[in-house]
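Line by line, the protein sequences give chains E and D.
Under this note's numbering, the final residue of the first sequence carries the number 319; numbering is consecutive throughout.
Under this note's numbering, the final residue of the second sequence carries the number 319; numbering is consecutive throughout.
If you're looking for bench data, these hints aren't it; they were derived computationally from the structure.
Check before you lean on any hint, since a few could be wrong.
No copy labels: a pair is met if it fits in one copy or bridges any two.
As the list claims (entries may be wrong) - Listed next, the in silico DSSO-like pairs over lysine-lysine satisfying Cα-Cα at most 27 Å (straight line):
1. Lys65 - Lys128
2. Lys65 - Lys273
3. Lys273 - Lys79
4. Lys19 - Lys273
5. Lys128 - Lys151
6. Lys79 - Lys151
7. Lys19 - Lys65
8. Lys273 - Lys128
9. Lys65 - Lys151
2 protein chains.
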Amino acid sequence: MSDTQDIALGIDFGGTSVKVAAVRGADILGEVERIVTSDCQSADEMVARFGVSIAAWRERFPELKAVGIGVPGAVDVDKGVTYNLTNVPGWRNYPLRERLGALCGLPVMLDNDANCMCFAEFAHGAAKGARNAVAVTLGTGVGGGLVLDGKMYRGSDFAAGEIGQMSVDYDGVEGPYGNTGALERYIGHRQISAIAADLLEAAGRDFTAEDCDPRILAQRATEGDEIAHQVWYRVAGYLGSTLGAVIYLLNPDTIVVGGGVAAAGEVLFDPLKEKLRDVLSAEFFERLRIVHAQLGNDAGIIGSAALAMESLRAGELRA
Amino acid sequence: MSDTQDIALGIDFGGTSVKVAAVRGADILGEVERIVTSDCQSADEMVARFGVSIAAWRERFPELKAVGIGVPGAVDVDKGVTYNLTNVPGWRNYPLRERLGALCGLPVMLDNDANCMCFAEFAHGAAKGARNAVAVTLGTGVGGGLVLDGKMYRGSDFAAGEIGQMSVDYDGVEGPYGNTGALERYIGHRQISAIAADLLEAAGRDFTAEDCDPRILAQRATEGDEIAHQVWYRVAGYLGSTLGAVIYLLNPDTIVVGGGVAAAGEVLFDPLKEKLRDVLSAEFFERLRIVHAQLGNDAGIIGSAALAMESLRAGELRA
């Protein structure tokens, strides 16, 4: 087993900002560094910027063993290549690991952001101690990650975990790939607002766009607003149906729910648990842990660092 | 790696008959022995009968290394205990591995029949060479098994692979556990007959129960009957919706479709592939192998033997 004192650098590459920090286990060492994504005009420029950043962190932590990067899009984890990144142009088929490795002389690993979040919660967060964990992130879209038999599961083309593309209705609304009933088209941020607008209108209430924002809806539900409760009840119905299917397929012990929309808390979790109790056998439901993600905005940094250390230990990474 | 010349005994424990044979790789050695399940009045009696059978097979093949048993129901693979078997009374919490091991002196492993079928196809059949394979069996009900990253994946309570319980419709027909939209309730043997009856009636045709049998429906569709085609098109629509969800979640390279209903062949596979092309991105669809199970009725024997050898090699089995 590993030395838990090992330190890796975690880079959480987001559409608007990149966050960088040294990580030891679950602990972020020092203050998180932020780089504005749009400050760099090209992938090469961004890599050069990463190189400067890594050099500075190594000066503070000479014992840094590896660099992990979580990116917002599709990657080839084995080759260390980004296929393309959502909302960040110029990264199609970019050999990020090779370029950055050559620059900094450390082993580099990259993975997509949903996997980093999932692994962070498994290794150091809400899913600690799980053997089989499913993480789902609720935000603009719906994403996910899988740890199976204690290891990150990525699928044959590093594309596993697309919970948002799973169908809740064989005859439903089309998703981005023609996939009828794509969960994301039912409980994405925008769709939650649309459910609220429909219900408020049907009730003859005056309302603004703000009244339909998931954050406001969570607050209102907590305060006892009936329509806001109905919105979350519907969201939980769709999400629970898909998670039920995931559970029948994978028989996990832990489900982690995170992302901005999950900040709604109990007003979402209570009806979600109710739905899962309804669609699962009693035995199954009793054995399952359904937990809120713990690491929040730090999950990307902690997870990318943890995956890099894990790969290093498994002998999959070289400088 | 293993000696491919190793021989294990495979036992396919079914609701009506038990089939036993020595297996070397994909080859069944000699003639399959059949035991009528109802000939034994209790689990103990059945185990005694197994003991007699194993002794006889060892006389012919003294090099037998292990015994694998596939059972029709829920098991604890680690403990070697059957929870309960479908259509076979008297097996609740029965320590099958311990009892049989004590009797025959060989390492014994047990698993459920769907996993045995899946592993057989992965190790020696239609999914050979796969890294991530999903097997689905279509019959009275709908079952499944998963090989992930080259290993049998069983989940936290050995209950993974329940494709028939996954939802095709969040608001649909209830399955056995209150699970709305359970696939099995749409494309089980009986449900296929009901679809046929509905369509024949709507068309004003005279028909008998036999006309609604999946075997006859397959034959008629092959002969060009339009209504029979429509039945398979509908079955493929439900199945494809669920398999699409499985593919988004697991990103497998191979899907194996087997079981009695899958004997329909191209009249099912053609619309199934069409549906999957519709719901998957082009890239995803092109990379995927969708294949017919190859080992048919021998899959249970070959798979149970193969899983036993695999466990023995991994050091998980003792006599």
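Quick rundown of the hints versus the structure:
{"no.": "1", "hint": "Lys65 - Lys128", "in the structure": "within (23 Å within a copy, 38 Å between copies)"}
{"no.": "2", "hint": "Lys65 - Lys273", "in the structure": "neither (41 Å within a copy, 47 Å between copies)"}
{"no.": "3", "hint": "Lys273 - Lys79", "in the structure": "neither (40 Å within a copy, 30 Å between copies)"}
{"no.": "4", "hint": "Lys19 - Lys273", "in the structure": "neither (34 Å within a copy, 43 Å between copies)"}
{"no.": "5", "hint": "Lys128 - Lys151", "in the structure": "both (13 Å within a copy, 23 Å between copies)"}
{"no.": "6", "hint": "Lys79 - Lys151", "in the structure": "both (19 Å within a copy, 23 Å between copies)"}
{"no.": "7", "hint": "Lys19 - Lys65", "in the structure": "within (18 Å within a copy, 55 Å between copies)"}
{"no.": "8", "hint": "Lys273 - Lys128", "in the structure": "within (20 Å within a copy, 40 Å between copies)"}
{"no.": "9", "hint": "Lys65 - Lys151", "in the structure": "within (21 Å within a copy, 31 Å between copies)"}
Hint violations for this structure: numbers 2, 3 and 4, all remaining hints satisfied.
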